[in-house]
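So the sequences go chain by chain: H and F. Once you know that position 36 of the first sequence is 36 in my numbering, the rest is easy, because the numbers rise by one and skip nothing. So the mapping is simple: my numbering equals the position in the second sequence, first residue as 1, plus 1000.
Derived by calculation from the structure, the hints in this document are not laboratory data. What you are looking at is a predicted structure, and each value in this text was computed from that prediction instead of being measured. Treat the hints with care, as some may be off.
Derived pair list, reagent style DMTMM-like, types lysine to aspartate or glutamate, alpha-carbon separation capped at 25 Å [as the list claims (entries may be wrong)]: (1) F:K1024 - H:E217; (2) H:K138 - H:D127; (3) H:K138 - H:E193; (4) H:K176 - H:D229; (5) F:K1162 - H:D86; (6) H:K138 - H:E121; (7) H:K177 - H:E88; (8) H:K138 - F:E1015; (9) H:K176 - H:E235; (10) H:K14 - H:E28; (11) F:K1024 - H:E88; (12) H:K15 - F:D1248; (13) H:K138 - F:D1052; (14) H:K15 - F:E1015; (15) H:K15 - H:E28; (16) H:K177 - H:E255; (17) H:K242 - H:E193; (18) H:K14 - F:D1079; (19) H:K14 - F:E1015; (20) H:K111 - H:E150; (21) H:K246 - H:E264; (22) H:K106 - F:D1091; (23) H:K111 - F:E1015; (24) H:K131 - F:E1015; (25) H:K131 - F:D1091; (26) H:K131 - F:D1079; (27) H:K246 - H:E217; (28) H:K176 - H:D124; (29) H:K106 - F:E1015; (30) F:K1162 - H:E150; (31) H:K242 - H:E217; (32) H:K138 - F:D1091; (33) F:K1024 - H:D86.
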Amino acid sequence: MIAIEELYKNYGPKKALNGISLTVERGELFAYLGPNGAGKSTTIRILTGLTRMTSGRASLGGFDIETQVTLAKHQFGVVQQYVNLDQELTVFENLDIHGRLFGMSKRARRKKVDTLLAYIEMEDRADTLVKSLSGGLKRRVTIARALLHEPGILFLDEPTVGLDAAIRRRIWALIKKIQQQGTTIFLTTHHIEEAEFLAQRVAFLDNGRIVALDTPEHLMESVGHWAVDQFAGSEMTTSYFKTRQKANTFKAEGEFTLRRVNLEDAFLSLIGRKVQS
Amino acid sequence: MNPFINGSLAVYRREMLIFRRRFKRQMAGQAISPLLYLTTFGYAMGGELRFDGISYLDFLVPGLVAMASMTQAFAIATDINVARFYWHIFDEFQAAPISNGSYVAGEVMAGITRAFMSIGIILGLGLLFGVRLHYGVLFWLAILLNSFFFANLAVALAMLVKSHADQSLLTNFVITPMAFLGGTFFPLDRLPAWLQHVLGLLPLTHASTAIRSAALGHEVHWQSLLLLAAMGSVIFPVAYHCVNRARD
Chain H
1 MIAIEELYKN YGPKKALNGI SLTVERGELF AYLGPNGAGK STTIRILTGL
51 TRMTSGRASL GGFDIETQVT LAKHQFGVVQ QYVNLDQELT VFENLDIHGR
101 LFGMSKRARR KKVDTLLAYI EMEDRADTLV KSLSGGLKRR VTIARALLHE
151 PGILFLDEPT VGLDAAIRRR IWALIKKIQQ QGTTIFLTTH HIEEAEFLAQ
201 RVAFLDNGRI VALDTPEHLM ESVGHWAVDQ FAGSEMTTSY FKTRQKANTF
251 KAEGEFTLRR VNLEDAFLSL IGRKVQS
Chain F
1001 MNPFINGSLA VYRREMLIFR RRFKRQMAGQ AISPLLYLTT FGYAMGGELR
1051 FDGISYLDFL VPGLVAMASM TQAFAIATDI NVARFYWHIF DEFQAAPISN
1101 GSYVAGEVMA GITRAFMSIG IILGLGLLFG VRLHYGVLFW LAILLNSFFF
1151 ANLAVALAML VKSHADQSLL TNFVITPMAF LGGTFFPLDR LPAWLQHVLG
1201 LLPLTHASTA IRSAALGHEV HWQSLLLLAA MGSVIFPVAY HCVNRARD
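Next comes chain H alone, as it looks inside the complex (with noise of 0.2 Å):
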């Protein structure tokens, strides 16, 4: 479990996060967006020890991060967003690394490697130099290591940014298989499709505060369930309705769509923006 109690971090005279308080529970999928400087990374460093907070509480499998690190380090595991192997390494070697980083015993390495390899579907690539790896080999990899010590809690911070839509699904698989087998799972991303298709719950984070926390089928309903697109010029504005019939009625003039309701047209209603803005 995640609990984040009135969490602060300035920088300088800049709130990167101003009083977030949430709870994700065991076996979660908790997605974390927000634009870009909204304070999404920042949570995330700071859960994992990489940055400081100004103050406020958090607990990471009931161990608090400030006063017990050792033992709540041991419960997570972090995909950065940005890929941060050993490059002139292998995979074997990056994976064995962060095993001995953890104290595990060699056995239990070996064993735990040749499981995540076949997991990932990269068993043949053990011996690999990594920096031959492509982009979703490389990120596939990242997520393997994290998962080496079997931590209960998955930190992924933007973990498909750069990747193409075919790579990028099959990370989304992996994510759910990896949530379908207990992990916790807290996302970060600017992908709203990605939060939508793999999120149970979901935070709405701008300028480090928490602007909606809920389902997204409840958070997507506080708009309505459908959408009509117009477009005129190079302006698009979008109305919302509550059915079908309601939109279709609706006298949109010149060019228009109309389309259900998603995550976006939810985050740009209570935020006035999108994400990837």
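Following the hints, put chain F in place on chain H, whose structure we already have.
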């Protein structure tokens, strides 16, 4: 296993794996400078040159050993920098349940290993040039203390700098002048007294003195070894503190 030792060994193992992968080019790179120094300063220019009854080559090789124990131990700063700013490997260490002390110890051991490898090359080249010296315990102890100090300094400064460019500047302003003025290439007693006092503050000066004395079979000044040990005992907590501060 003790968590401190376990963490240090994991960090050290990573550095050694990278070192092994770069072994040939690293060894070739480390051989070039001493080979040039031995050829130009020692062989071509110094054939007739003698200090206190010893040939310049015999004088030069211990100096090169002292210099290499500094430069090669300090060179880990660049690797740490690349791992921190470019590959973000430092984040992997920070998110792992190892202490910052373990991290410093692992990197320092890597720096010392690198220094000893380089010294092996210099001594091998020295043999090719006909240099036979004494390689007793105090000779190796002085090298160990000197490389320990500079590896710790490397970790500390690598944590303080904000970019690769800053790292190069530090090397240019701190390490390069010390390499030339720390009693490596010429005896310091020929310099003005005030400058000797200033250079006496440099750890490399004491390392050169101790390593040369041991290598030539002379009495080693314990003050030099004690001073290096004292500097080492101060710089380790400084490096630890700098790693702590590296969390933003």
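Hint-by-hint comparison with the structure:
In summary, the hint linking K1024 of chain F to E217 of chain H is not supported, as the alpha carbons are separated by about 59 Å, beyond the 25 Å threshold. With a C-alpha separation of about 13 Å, the suggested pair K138 of chain H and D127 of chain H falls inside the 25 Å cut-off, and the hint holds. The straight-line distance between the Cα atoms of K138 of chain H and E193 of chain H is roughly 22 Å, inside the 25 Å bound, and the hint therefore holds. Our distance criterion of 25 Å between C-alpha atoms is broken by K176 of chain H and D229 of chain H, whose separation comes to about 32 Å.
Of the supplied pair hints, the one linking K1162 of chain F and D86 of chain H holds, its CA atoms being roughly 21 Å apart against a limit of 25 Å. Distance restraint check for K138 of chain H and E121 of chain H: the Cα-Cα separation of roughly 12 Å lies within the 25 Å cut-off, and the hinted pair is therefore satisfied. The hinted pair formed by K177 of chain H and E88 of chain H fails the criterion: a straight-line CA distance of about 30 Å is larger than 25 Å. In summary, the hint linking K138 of chain H to E1015 of chain F is supported, as the alpha carbons are separated by about 20 Å, within the 25 Å threshold.
The suggested pairing of K176 of chain H with E235 of chain H is violated, with an alpha-carbon distance near 37 Å, which exceeds 25 Å. With a CA separation close to 32 Å, the supplied pair K14 of chain H and E28 of chain H exceeds the 25 Å bound. For the given pair, K1024 of chain F sits about 14 Å from E88 of chain H by alpha-carbon distance, which is consistent with the 25 Å threshold. A C-alpha spacing of about 14 Å is found between K15 of chain H and D1248 of chain F, which places the hinted pair at or below 25 Å, so the restraint holds.
For a cut-off of 25 Å, the pair hint linking K138 of chain H to D1052 of chain F is broken: about 61 Å separates their Cα positions. At most 25 Å may separate the alpha-carbon atoms for a hinted pair to count; K15 of chain H and E1015 of chain F exceed this at roughly 38 Å. For a cut-off of 25 Å, the pair hint linking K15 of chain H to E28 of chain H is broken: about 28 Å separates their Cα positions. For the suggested pair K177 of chain H and E255 of chain H, the alpha carbons sit about 42 Å apart, so the restraint of at most 25 Å is broken.
At most 25 Å may separate the alpha-carbon atoms for a hinted pair to count; K242 of chain H and E193 of chain H meet this at roughly 21 Å. A hinted pair counts as satisfied when its Cα atoms are at most 25 Å apart, and K14 of chain H with D1079 of chain F does not qualify at roughly 32 Å. For the given pair, K14 of chain H sits about 37 Å from E1015 of chain F by alpha-carbon distance, which is inconsistent with the 25 Å threshold. Taking the CA atoms of K111 of chain H and E150 of chain H, the gap is about 12 Å. The hint holds against a cut of 25 Å.
For the hint linking K246 of chain H to E264 of chain H, the alpha-carbon distance of about 21 Å falls within 25 Å, and the restraint holds. Among the hinted pairs, K106 of chain H with D1091 of chain F is consistent with the structure: their alpha-carbon atoms are about 23 Å apart, no more than 25 Å. Taking the CA atoms of K111 of chain H and E1015 of chain F, the gap is near 23 Å; set against the 25 Å cutoff, the hint holds. Pair hint K131 of chain H plus E1015 of chain F holds up; C-alpha atoms about 17 Å apart against a cutoff of 25 Å.
Taken as a hint, the K131 of chain H and D1091 of chain F pair is honoured in the structure, with Cα atoms around 19 Å apart against an allowance of 25 Å. For the given pair, K131 of chain H sits about 17 Å from D1079 of chain F by alpha-carbon distance, which is consistent with the 25 Å threshold. With a CA separation close to 20 Å, the supplied pair K246 of chain H and E217 of chain H stays within the 25 Å bound. Among the hinted pairs, K176 of chain H with D124 of chain H is consistent with the structure: their alpha-carbon atoms are about 23 Å apart, no more than 25 Å.
For the suggested pair K106 of chain H and E1015 of chain F, the alpha carbons sit about 18 Å apart, so the restraint of at most 25 Å is met. For the hint linking K1162 of chain F to E150 of chain H, the alpha-carbon distance of about 34 Å lies beyond 25 Å, and the restraint is violated. In summary, the hint linking K242 of chain H to E217 of chain H is supported, as the alpha carbons are separated by about 13 Å, within the 25 Å threshold. Distance restraint check for K138 of chain H and D1091 of chain F: the Cα-Cα separation of roughly 17 Å lies within the 25 Å cut-off, and the hinted pair is therefore satisfied.
As the CA atoms of K1024 of chain F and D86 of chain H are separated by approximately 19 Å, the hinted pair is consistent with the 25 Å bound.
In summary, the structure is inconsistent with hints 1, 4, 7, 9, 10, 13, 14, 15, 16, 18, 19 and 30 from the numbered list given earlier, while agreeing with the others.
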